[in-house]
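Participant: This is what each chain is made of:
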Amino acid sequence: MTDAASGAVDRSVQVKLVLLGEAAVGKSSLVLRFVNNEFQPNKEPTIGAAFLTQKCRLEDRVLRYEIWDTAGQERFHSLAPMYYRNAQAAVVVYDVTKASSLEKAKSWVKELQRQANPNIVIALAGNKIDLVQSSSSPSTAAPASDSEDEADDATATPGETPGSAGEPESLRQVPREEAQAYATEAGLLFFETSAKTGQGIIEVFTEIAKKIPIEHILASTRGAGRNGAQVSRPGASRQEGNVNLEENQTKGRDGCNC
Amino acid sequence: MSLSDNNHPPFKPREYFVLTDAGKPVFTSRREDGDSDTLSCTMGLVQALLSVFIDDGDKLRSINSGELRITFLLRSPLYYVCASTWGEPESVTRTHLEYLHLQILSIVTAAQLRRIFERRTNFDLRRLLNGAEPFLFSLLSRLELDLAMSTSSLHCLQLDPNLRSRVADALVPITKMKDTLYIILIAGGRVVTLVRPRKHSIHPADIHVLVNTAHAPSIYNSPASASWIPVCLPKYDPATFVNAYISFLWKPEDNGIETSSNAESRGSSSSSRREDGRHPPNLSSDAAICLMCIGGGGEFETVRSWCDSVAQKLQSQGTLKVITDAMESGKTHYSVSQLAIPGLRHFVYKSRPDVQITFPTFEDPYDSRDEVRRIITMYQTVYDALHAKSGQSGPLKLQCIRTNKEIVMGWITQPFELYIVLSPRLPKTAVINAANAVTRWVKKEERNLLLRDAPVF
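Residue numbers (the working numbering), protein chains in the order written: chain U, 1 to 258; chain W, 1 to 457.
Since the hints were made in silico from the structure, they are not lab data.
Mixed in with the good hints there might be a few duds.
[As the list claims (entries may be wrong)] Derived lysine-lysine pairs resembling BS3-like cross-links, with alpha carbons at most 30 Å apart:
id, chain 1, residue 1, chain 2, residue 2
1, W, K428, W, K397
2, W, K321, U, K55
3, U, K55, W, K251
4, W, K235, W, K24
5, U, K55, U, K106
6, W, K331, W, K389
7, W, K199, W, K251
8, U, K110, U, K55
9, W, K176, W, K199
10, W, K313, W, K397
11, U, K55, W, K389
12, W, K313, U, K55
[Said to hold, decoys possible] Covered stretches of chain U (chain W as the covering partner; in silico rule of three or more C-beta atoms under 8 Å from a C-beta of chain W):
id, region
13, 69-80
14, 195-207
By construction, the Cβ of each residue, glycine as well, lies at the ideal position given by its N, Cα and C atoms.
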């Protein structure tokens with residue numbers, strides 16, 4: 001929900017964007033590349049969610065992305081509705097060197113399509129492609145895997161074991177075609193990215209910007225002085241990591257955002 | 001007692017273990033210990049030991065072997081263990097274990113723990129705590145030197161009372177923010193002021209857990225302008241999460257570089273930012289200014305825009321600048337020499353009604369890390385005796401320990417507790433006079449030293 005107060009601060013169109021995906025796929029790194037054009041190896045895991053903003057120029061419009069970068073750990077899963085419930089865009093991230101992370105991404109997409117704003121623009125991003133690209137400098141692959149990996153999941157990135165520097169393609173567990181086909185079928189934007197090198201990152205956000213129904217947002221912003229759309233929680237039995245959101249749960253969807 | 005030895009052995013890092021009552025490892029303070037076999041063995045042994053006693057309807061509290069004491073704390077479904085050779089009273093390591101427990105509860109809640117282990121007794125809790133280890137590491141390094149934690153009180157930032165109330169006025173929430181619990185401004189790792197609802201106050205342990213959480217590397221180092229995290233305040237309500245909005249309004253520029261010389265003497269070790277090393281030097285994260293808004297409501301957009309406006313207000317009023325200037329020029333600390341009391345080297349004064357402490361910086365001869373550790377352990381020894389924390393027959397009003405190096409005296413009255421360290425040559429009357437002089441000085445300065453009259457809503 002765009003609050004009236006923050007909406008008045010500047011003329012740009014505010015776009016709420018949420019990042020979702022398994023732990024250690026590089027969500028925070030992806031945002032950090034977009035927002036600060038930086039890369040931090042060995043980033044600490046995100047706890048809860050982190051809020052960042054970045055402006056993005058698109059033709060004659062300025063979009064102001066308000067980004068919720070969420071934690072990938074399972075215990076935070078039940079918090080996700082809080083972040084995506086009024087989001088106009090979502091970037092669902094997986095790690096191209098970890099097949100299971102795509103499965104997790106698919107389940108996020110499913111959840112978004114079921115529960116989020118029906119107009120939400122979803123992009124699927126396969127991150128860490130620097131690990132699977134042959135590079136002219138021979139020793140980059142193995143150490144790179146270390147640095148790109150957020151230290152937040154001890155079991156993440158099975159391909160991380162060094163020694164395969166000679167043939168980086170072998171680290172890839174998710175073929176580009178497979179992910180692309182899935183994205184097309186599910187109606188998602190699709191990118192392969194590297195937060196480490198910056199490859200593909202800007203494209204994610206500019207393509208989302210092109211697809212966002214800006215007029216729609218402007219219209220709904222004007223109307224949304226109150227509470228925004230509420231989404232009932234997925235599965236009432238899921239209690240773990242539960243923040244006391246009783247108030248939100250009991251309200252139905254009032255749909256003023258769409 | 002070993003503390004009175006002229007040459008105290010070096011302070012070996014204490015070791016901590018957390019396991020489930022099924023013997024599954026949850027946490028170990030041994031970072032470099034990649035050998036999970038050794039760890040499983042240790043956990044198995046601990047579990048066996050504990051269960052022998054539990055079978056007899058008994059509780060194993062501690063094992064002493066020479067210098068080493070192993071303390072156990074049972075908080076079903078978790079067992080906590082600390083091994084220490086520091087010679088501190090048992091209650092000290094027990095308090096550490098209690099804090100570890102509270103920090104874990106802040107991440108998973110007591111209700112959640114109970115539910116999980118009712119369903120599956122052999123659940124691997126590490127799965128749920130994944131990514132939360134840094135909170136536990138930074139807590140442990142805090143516990144080592146934090147006098148406020150060891151006296152279960154609060155150590156507020158020393159500040160001009162008018163400035164403090166100006167900050168407090170800015171922090172009073174708008175009515176639109178439903179279910180707001182606490183709004184806290186923290187500077188230099190210490191509370192500047194705290195705004196709370198009229199109906200309840202905040203337990204110091206909850207504040208320590210919050211401060212530790214906010215300054216842990218995952219939050220402090222985040223490039224984000226704000227973090228929004230679920231946190232359980234175990235003393236407030238161990239069964240539910242509240243939301244914490246955490247925003248750093250100011251961070252020292254020398255990121256990652258050790259802060260000025262008085263960093264150590266503040267007595268609160270900062271969080272372990274670095275991955276390596278069990279006891280990192282004091283880092284600058286605790287020198288930052290942090291705004292926290294704790295509440296049960298999920299309306300983070302409301303909270304965020306309000307916190308933004310608070311930040312802007314503090315900025316435009318110049319309040320933030322005054323605080324950072326005060327911190328950088330050392331005005332938020334004082335030296336024991338300001339009291340001009342002969343033979344007085346250090347003291348800790350606790351105002352009992354305010355549940356707050358104040359103490360000067362640690363200076364010569366207590367200016368090395370090990371000397372600070374030693375003197376803190378002395379304080380803890382006297383504190384333990386006065387409060388009969390380790391099974392003594394009853395509490396005391398006054399205790400005085402004389403070593404070759406110093407005299408340490410503890411004294412409890414209705415309004416305050418005082419612990420003072422003096423030159424060992426001082427006669428008894430001078431000790432008493434010094435204690436009275438300290439209390440008079442604190443009385444005179446208390447408006448700067450203690451947080452009083454913070455607004456409620």
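Participant: Which hint numbers does the structure go against, in order from smallest to largest?
Facilitator: 6, 7, 10, 11, 14
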